[in-house]
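Please build the complex by placing chains B and C on the supplied structure of chain A, with the hints as guidance.
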Amino acid sequence: MQTSEAKISELEKRLNGLEAKEQIRELLHRYGFAADTGDAKAWSEVWNEHAVYERGGETVISGRAAFFTAIEDPHGTHKVEIENRGSLHSINPVTVEVNGDRAWAEGSTLVWVCRDRGYDVYTLSHNHWDFAKTRDKWEIVRRISRPVGPGTAKLVYTNWRA
Amino acid sequence: MQTSEAKISELEKRLNGLEAKEQIRELLHRYGFAADTGDAKAWSEVWNEHAVYERGGETVISGRAAFFTAIEDPHGTHKVEIENRGSLHSINPVTVEVNGDRAWAEGSTLVWVCRDRGYDVYTLSHNHWDFAKTRDKWEIVRRISRPVGPGTAKLVYTNWRA
Amino acid sequence: MQTSEAKISELEKRLNGLEAKEQIRELLHRYGFAADTGDAKAWSEVWNEHAVYERGGETVISGRAAFFTAIEDPHGTHKVEIENRGSLHSINPVTVEVNGDRAWAEGSTLVWVCRDRGYDVYTLSHNHWDFAKTRDKWEIVRRISRPVGPGTAKLVYTNWRA
Numbered sequence: 077m078q079t080s081e082a083k084i085s086e087l088e089k090r091l092n093g094l095e096a097k098e099q100i101r102e103l104l105h106r107y108g109f110a111a112d113t114g115d116a117k118a119w120s121e122v123w124n125e126h127a128v129y130e131r132g133g134e135t136v137i138s139g140r141a142a143f144f145t146a147i148e149d150p151h152g153t154h155k156v157e158i159e160n161r162g163s164l165h166s167i168n169p170v171t172v173e174v175n176g177d178r179a180w181a182e183g184s185t186l187v188w189v190c191r192d193r194g195y196d197v198y199t200l201s202h203n204h205w206d207f208a209k210t211r212d213k214w215e216i217v218r219r220i221s222r223p224v225g226p227g228t229a230k231l232v233y234t235n236w237r238a
Numbered sequence: 077m078q079t080s081e082a083k084i085s086e087l088e089k090r091l092n093g094l095e096a097k098e099q100i101r102e103l104l105h106r107y108g109f110a111a112d113t114g115d116a117k118a119w120s121e122v123w124n125e126h127a128v129y130e131r132g133g134e135t136v137i138s139g140r141a142a143f144f145t146a147i148e149d150p151h152g153t154h155k156v157e158i159e160n161r162g163s164l165h166s167i168n169p170v171t172v173e174v175n176g177d178r179a180w181a182e183g184s185t186l187v188w189v190c191r192d193r194g195y196d197v198y199t200l201s202h203n204h205w206d207f208a209k210t211r212d213k214w215e216i217v218r219r220i221s222r223p224v225g226p227g228t229a230k231l232v233y234t235n236w237r238a
Numbered sequence: 077m078q079t080s081e082a083k084i085s086e087l088e089k090r091l092n093g094l095e096a097k098e099q100i101r102e103l104l105h106r107y108g109f110a111a112d113t114g115d116a117k118a119w120s121e122v123w124n125e126h127a128v129y130e131r132g133g134e135t136v137i138s139g140r141a142a143f144f145t146a147i148e149d150p151h152g153t154h155k156v157e158i159e160n161r162g163s164l165h166s167i168n169p170v171t172v173e174v175n176g177d178r179a180w181a182e183g184s185t186l187v188w189v190c191r192d193r194g195y196d197v198y199t200l201s202h203n204h205w206d207f208a209k210t211r212d213k214w215e216i217v218r219r220i221s222r223p224v225g226p227g228t229a230k231l232v233y234t235n236w237r238a
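Protein chains in written order, with this note's numbering: chain A, 77 to 238; chain B, 77 to 238; chain C, 77 to 238.
All the pointers check out, no bait thrown in.
Intra- or inter-copy, both count: the list cannot distinguish identical chains.
Using 30 Å as the maximum straight-line C-alpha spacing, the simulated DSS-like pairs for lysine-lysine come out as follows:
#, residue 1, residue 2
1, 230, 97
2, 213, 83
3, 83, 97
4, 97, 213
5, 117, 209
6, 155, 117
7, 230, 117
8, 89, 209
FYI, nobody ran anything at the bench for these hints, they're computed from the structure.
Isolated chain A (complex conformation) (with noise of 0.2 Å):
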């Protein structure tokens, strides 16, 4: 039988995976919030020092100076073709597994942006991220995208099965 003070680790052992992976879900949130607020500093230190952003096989992004410029160039995708326009980044709900200070999340994200009178659904996209908790702070390692299409949801989806 435990002892009182073997129960309350363990519950606090618990109590740290259900708040740690709130807490990587809040990221994934900022993330959408700098996006479409234009917060091109915030946005940044969503992402590892050293991160990398794969999305349809080839890396797009990497390192928070290149994640920076990302959002704050006034020529460059970002601005020009959606937050300019008016944008919502939303992600879905998401599946998240924390191992100590390493964790990974699966799921779908979807940006509309403006046009005309309406919106239209500028990126749908199956999603694999790899978190590491870096100075007591959740950071994005790594993301893998593809667009929704034929056959792209397995390339993406590998580790909601463990």
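Only chains B and C this time, still in chain A's reference frame:
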């Protein structure tokens, strides 16, 4: 070193925080269920007696009686343009922050309505909500909402960095 | 006044409740991952051996073998109209209520499929799910679903007020 008593109190406090977030998210789901089923009583009770709903910079509804009427009125926008056509009020995942018996949440919402054989996006919005716990029940005190458009995200998402 | 033992038991019970909700939400995410990757085994195992899926007032699938076939059949609706075109099964945030080894959830679902260079809403639905925990694993026992349309929300959302 903490005593068992102190550790238990700390765990309880953290658990209260997670449960409060859960309650607030479920409040926002009830909002949607009540709207789509046309339940004016349930919908108005999601709001505080003196709640204010600001949309596009103007107060569009205030006080519980007016919230009730907004859903109940057979000639109002809700019945005619939304519920009677068949609607789906959806709320994307939101970030919730709880401070005692006050809380706020930020995130996006999407209302679908039926048209012909398909569905139209009726509203797509950025939102900030303030909540208060009154007689052991969370209620919306204020909602600030803007349709997704150029620059609107910055007018709504004011607390997420905190 | 409660003893430490009694307090620890109470906290454990509350933590069990939060974890069960998390497990049920992840079950619904697995549902989507399995559908989009065409994994008939994983998809059929989300359902109880004797599960029933009611859609639009009729039983459309029942029993695990039929759930397996619904995904596996190369000439079935799933492969031909959904998965092979490229699909995204998304589940909006749901309210979950747990009572011991039984639970229910209510919320909306949206299936996107590729068409030309964009995406179509294939189904948009109101849903009620009943779950049971069998051999330490949550499974869907019954799903009741209706396409969003005039009056359909009232036919599906029956438990959310409780």
